[in-house]
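Taken in sequence, the protein lines are chains A and B.
Every letter in the first sequence is one number past the one before it in this note's numbering, and letter 48, counting from 1, is 54.
Every letter in the second sequence is one number past the one before it in this note's numbering, and letter 1, counting from 1, is 3.
It cannot be assumed that every hint is accurate.
[Said to hold, decoys possible] Here are some of the chain A residues that sit facing chain B, going by a computed Cβ distance under 8 angstroms:
| # | residue |
| --- | --- |
| 1 | SER11 |
| 2 | ILE16 |
| 3 | GLN19 |
| 4 | ARG33 |
| 5 | LEU42 |
| 6 | ALA43 |
| 7 | HIS44 |
| 8 | ASN46 |
| 9 | MET72 |
| 10 | ILE106 |
| 11 | LEU126 |
| 12 | SER130 |
| 13 | ILE133 |
| 14 | GLU134 |
[To be verified] Subject to a maximum C-alpha distance of 20 angstroms in a straight line, what follows is the list of computed SDA-like cross-link-like pairs (lysine to any residue):
| # | chain 1 | residue 1 | chain 2 | residue 2 |
| --- | --- | --- | --- | --- |
| 15 | A | LYS94 | B | LYS154 |
| 16 | B | LYS105 | B | GLU215 |
| 17 | A | LYS116 | B | PRO192 |
| 18 | B | LYS16 | A | THR23 |
| 19 | B | LYS24 | B | ILE110 |
| 20 | B | LYS101 | A | GLU9 |
| 21 | B | LYS16 | A | ILE73 |
| 22 | A | LYS55 | A | ILE12 |
| 23 | B | LYS24 | B | HIS137 |
| 24 | B | LYS160 | A | ASN117 |
| 25 | B | LYS24 | B | LYS101 |
| 26 | B | LYS154 | A | LEU102 |
| 27 | B | LYS59 | B | LYS160 |
| 28 | B | LYS154 | A | GLU64 |
| 29 | B | LYS160 | A | ILE39 |
| 30 | B | LYS82 | B | ASN114 |
| 31 | A | LYS129 | A | GLU64 |
| 32 | B | LYS16 | A | GLU71 |
| 33 | B | LYS160 | A | ILE73 |
| 34 | B | LYS20 | A | SER11 |
| 35 | B | LYS24 | B | ASP108 |
| 36 | B | LYS59 | B | GLY33 |
Bear in mind the hints are in silico, worked out from the structure with no lab data behind them.
Quick reminder that beta carbons are idealized off the backbone N, C-alpha and C, glycines included.
Take a look at the letters that make up each chain.
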Amino acid sequence: MHEYSIACEIFEQVIATAKAHEALEVRHVILEIGRLAHTNPEQLSFCFKAIAEGSIAENAEFIVEMIPPSLECECGYTGTVDETQIGKDDDLRSELLEYIVALECPVCGKNARITGGRELIIKSIDIETEIEKLTSMQANI
Amino acid sequence: MLMHVIHMGHDVFKANDKIAEKNRKTLDKHGVFSVNVMGAIGSGKTTLIEEAVRHLKDKYKPAVIAGDVIAEMDASRFRKLGVPTIPVNTGKECHLDAKLVEKALDEIDLDNTDLLIIENVGNLICPVDFKLGEHLRVVVVSVTEGDDIILKHPMIFKTSELAIINKVDIAHAVDVDAEKMREDILSLNPDIPVILTSKHDWESLETWISFIELGLRRAQEAQRK
Numbered sequence: 007m008h009e010y011s012i013a014c015e016i017f018e019q020v021i022a023t024a025k026a027h028e029a030l031e032v033r034h035v036i037l038e039i040g041r042l043a044h045t046n047p048e049q050l051s052f053c054f055k056a057i058a059e060g061s062i063a064e065n066a067e068f069i070v071e072m073i074p075p076s077l078e079c080e081c082g083y084t085g086t087v088d089e090t091q092i093g094k095d096d097d098l099r100s101e102l103l104e105y106i107v108a109l110e111c112p113v114c115g116k117n118a119r120i121t122g123g124r125e126l127i128i129k130s131i132d133i134e135t136e137i138e139k140l141t142s143m144q145a146n147i
Numbered sequence: 003m004l005m006h007v008i009h010m011g012h013d014v015f016k017a018n019d020k021i022a023e024k025n026r027k028t029l030d031k032h033g034v035f036s037v038n039v040m041g042a043i044g045s046g047k048t049t050l051i052e053e054a055v056r057h058l059k060d061k062y063k064p065a066v067i068a069g070d071v072i073a074e075m076d077a078s079r080f081r082k083l084g085v086p087t088i089p090v091n092t093g094k095e096c097h098l099d100a101k102l103v104e105k106a107l108d109e110i111d112l113d114n115t116d117l118l119i120i121e122n123v124g125n126l127i128c129p130v131d132f133k134l135g136e137h138l139r140v141v142v143v144s145v146t147e148g149d150d151i152i153l154k155h156p157m158i159f160k161t162s163e164l165a166i167i168n169k170v171d172i173a174h175a176v177d178v179d180a181e182k183m184r185e186d187i188l189s190l191n192p193d194i195p196v197i198l199t200s201k202h203d204w205e206s207l208e209t210w211i212s213f214i215e216l217g218l219r220r221a222q223e224a225q226r227k
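Sequences and hints are given; from them, build the entire structure.
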């Protein structure tokens with residue numbers, strides 16, 4: 007379990023970016039997590055909440071987009087894993103294992119090189135600044 | 003509710019990869035061949051490294067980074083062999099990362115080192131996502147972990163460059179088929195060399211050690227070019 011240290015890193019990056027943009031509050035943190043990365047989004051969100059308590063990101067909601075693995079094969083094929091195949095094999099109950107089994111080249115069947123699907127990216131954050139706060143207050147009058 | 007979207011595009015693992023690349027350059031500059039030994043708690047990582055160091059220390063100049071939640075115990079085993087050893091306590095962390103290795107490299111006399119063995123924290127999951135800058139990624143698994151251990155941890159076998167199945171001398175006692183383990187590894191990663199080892203079988207240890215030596219020699223040749 008290393009979600010805590012990853013959450014720390016995310017928190018630092020998010021706060022630094024938010025402050026640089028004079029944020030009063032961070033509303034959303036949008037993450038992209040590769041299917042092959044050993045990171046659990048729920049644990050990550052839980053750790054982030056604990057770390058962010060009392061900060062401008064304490065109510066931030068995590069929005070996680072899962073990225074399927076992408077492949078590069080010596081036959082020249084590049085592309086992502088066919089996600090419709092995942093969950094079809096009843097014998098394989100681990101999703102991670104199913105993705106790994108699917109890492110064969112769909113064209114020639116050889117074991118392809120993994121080029122994506124292991125990342126953990128802070129894609130963007132939604133923030134509220136003084137301007138947005140004032141505008142929404144005016145709209146409410 | 004009005005909001006303001008700030009694009010970041012910050013990849014947490016890439017940040018680690020960048021430091022790993024820097025470590026790799028530092029090692030290459032000094033002609034040091036490095037091995038990252040990963041594997042579960044009790045798989046025999048420390049023993050396999052001890053055997054390699056004992057056998058190679060007169061011929062080469064090895065150093066060891068011992069990573070553990072409490073690293074001092076393993077580190078003292080390596081120090082007894084008379085080789086420079088840097089313990090890296092990870093505290094609560096379940097893996098070594100490139101930053102920790104970067105700091106440890108500062109404490110090693112790299113001009114007087116040609117082989118660096120890094121013992122990762124006992125874990126088959128977390129070390130996978132954290133490159134250290136190593137030249138060779140080794141995963142050690144022992145028969146005592148059960149013969150379904152490999153398919154339960156596919157990514158570490160998929161991303162390693164050498165796999166060791168250890169303690170094969172007691173496979174029968176724990177009702178495990180080491181050959182099935184080998185097949186499982188090859189089904190995940192058909193190109194990976196797999197070595198079956200036992201600390202009581204010198205020949206098997208020699209295969210593991212010769213693997214390190216091969217890498218060392220290749221690195222030295224590359225350095226000369």
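Hint-by-hint comparison with the structure:
The beta carbon of SER11(A) comes within 6 angstroms of a beta carbon in chain B, closer than 8 angstroms, and the hint placing it at the interface holds. The beta carbon of ILE16(A) comes within 7 angstroms of a beta carbon in chain B, closer than 8 angstroms, and the hint placing it at the interface holds. Because the smallest distance between the Cβ of GLN19(A) and any Cβ of chain B comes to about 5 angstroms, under 8 angstroms, the interface hint for this residue holds. With a cut of 8 angstroms, the hint placing ARG33(A) at the interface with chain B holds, because the nearest CB-to-CB distance is about 6 angstroms.
The beta carbon of LEU42(A) comes within 6 angstroms of a beta carbon in chain B, closer than 8 angstroms, and the hint placing it at the interface holds. Annotation: interface hint on ALA43(A) holds; nearest CB of chain B at approximately 6 angstroms, less than 8 angstroms. With 8 angstroms as the threshold, the beta carbon of HIS44(A) comes within range of chain B, its nearest partner Cβ sitting at about 5 angstroms, so the hint holds. Given the 8 angstroms rule on beta carbons, the hint for ASN46(A) is violated: about 11 angstroms separates it from the nearest Cβ of chain B.
With 8 angstroms as the threshold, the beta carbon of MET72(A) stays out of range of chain B, its nearest partner Cβ sitting at about 15 angstroms, so the hint is violated. Interface hint status for ILE106(A): upheld, as the beta-carbon distance to the closest one in chain B is roughly 4 angstroms, under 8 angstroms. Interface hint at LEU126(A): satisfied, since its Cβ lies 4 angstroms from the closest Cβ of chain B, which is below the 8 angstroms cut-off. The criterion of a C-beta within 8 angstroms of any C-beta in chain B is met by SER130(A), whose closest approach is roughly 5 angstroms, and the hint holds.
This hint holds: ILE133(A) has a C-beta 5 angstroms from the nearest C-beta of chain B, less than the 8 angstroms allowed. With a cut of 8 angstroms, the hint placing GLU134(A) at the interface with chain B holds, because the nearest CB-to-CB distance is about 6 angstroms. Distance hint between LYS94(A) and LYS154(B) is fulfilled; the C-alpha atoms sit about 18 angstroms from each other, no more than 20 angstroms. Note on LYS105(B) and GLU215(B): the hinted pairing is violated, with a Cα-Cα distance of about 26 angstroms set against a maximum of 20 angstroms.
With a CA separation close to 10 angstroms, the supplied pair LYS116(A) and PRO192(B) stays within the 20 angstroms bound. Between LYS16(B) and THR23(A) the alpha-carbon distance is near 18 angstroms, which keeps this suggested pair within the 20 angstroms criterion. For the hint linking LYS24(B) to ILE110(B), the alpha-carbon distance of about 16 angstroms falls within 20 angstroms, and the restraint holds. Taking the CA atoms of LYS101(B) and GLU9(A), the gap is about 17 angstroms. The hint holds against a cut of 20 angstroms.
Distance hint between LYS16(B) and ILE73(A) is fulfilled; the C-alpha atoms sit about 15 angstroms from each other, no more than 20 angstroms. At roughly 13 angstroms between alpha-carbon atoms, LYS55(A) and ILE12(A) fall within 20 angstroms of each other, so this suggested pair holds. With a CA separation close to 13 angstroms, the supplied pair LYS24(B) and HIS137(B) stays within the 20 angstroms bound. A C-alpha spacing of about 10 angstroms is found between LYS160(B) and ASN117(A), which places the hinted pair at or below 20 angstroms, so the restraint holds.
This hinted pair checks out: LYS24(B) and LYS101(B) have alpha carbons roughly 10 angstroms apart, not beyond 20 angstroms. Among the hinted pairs, LYS154(B) with LEU102(A) is consistent with the structure: their alpha-carbon atoms are about 9 angstroms apart, no more than 20 angstroms. With a C-alpha separation of about 31 angstroms, the suggested pair LYS59(B) and LYS160(B) falls outside the 20 angstroms cut-off, and the hint is violated. With a C-alpha separation of about 36 angstroms, the suggested pair LYS154(B) and GLU64(A) falls outside the 20 angstroms cut-off, and the hint is violated.
Proposed proximity of LYS160(B) and ILE39(A) is supported: the alpha carbons are some 19 angstroms apart, at most 20 angstroms. Of the pairs offered as hints, the one joining LYS82(B) and ASN114(B) holds, with about 19 angstroms between alpha carbons and a cut-off of 20 angstroms not exceeded. For the hint linking LYS129(A) to GLU64(A), the alpha-carbon distance of about 19 angstroms falls within 20 angstroms, and the restraint holds. Annotation: proposed proximity of LYS16(B) to GLU71(A) holds, straight-line Cα distance about 18 angstroms (limit 20 angstroms).
A threshold of 20 angstroms between alpha carbons decides the hint, and for LYS160(B) with ILE73(A) the separation of about 18 angstroms falls inside it, so the pair holds. Between LYS20(B) and SER11(A) the CA atoms are separated by roughly 18 angstroms; this keeps the pair inside 20 angstroms, and the hint holds. Proposed proximity of LYS24(B) and ASP108(B) is supported: the alpha carbons are some 13 angstroms apart, at most 20 angstroms. For a cut-off of 20 angstroms, the pair hint linking LYS59(B) to GLY33(B) stands: about 16 angstroms separates their Cα positions.
Of the hints listed earlier, those the structure fails to meet are numbers 8, 9, 16, 27, 28, in rising order.
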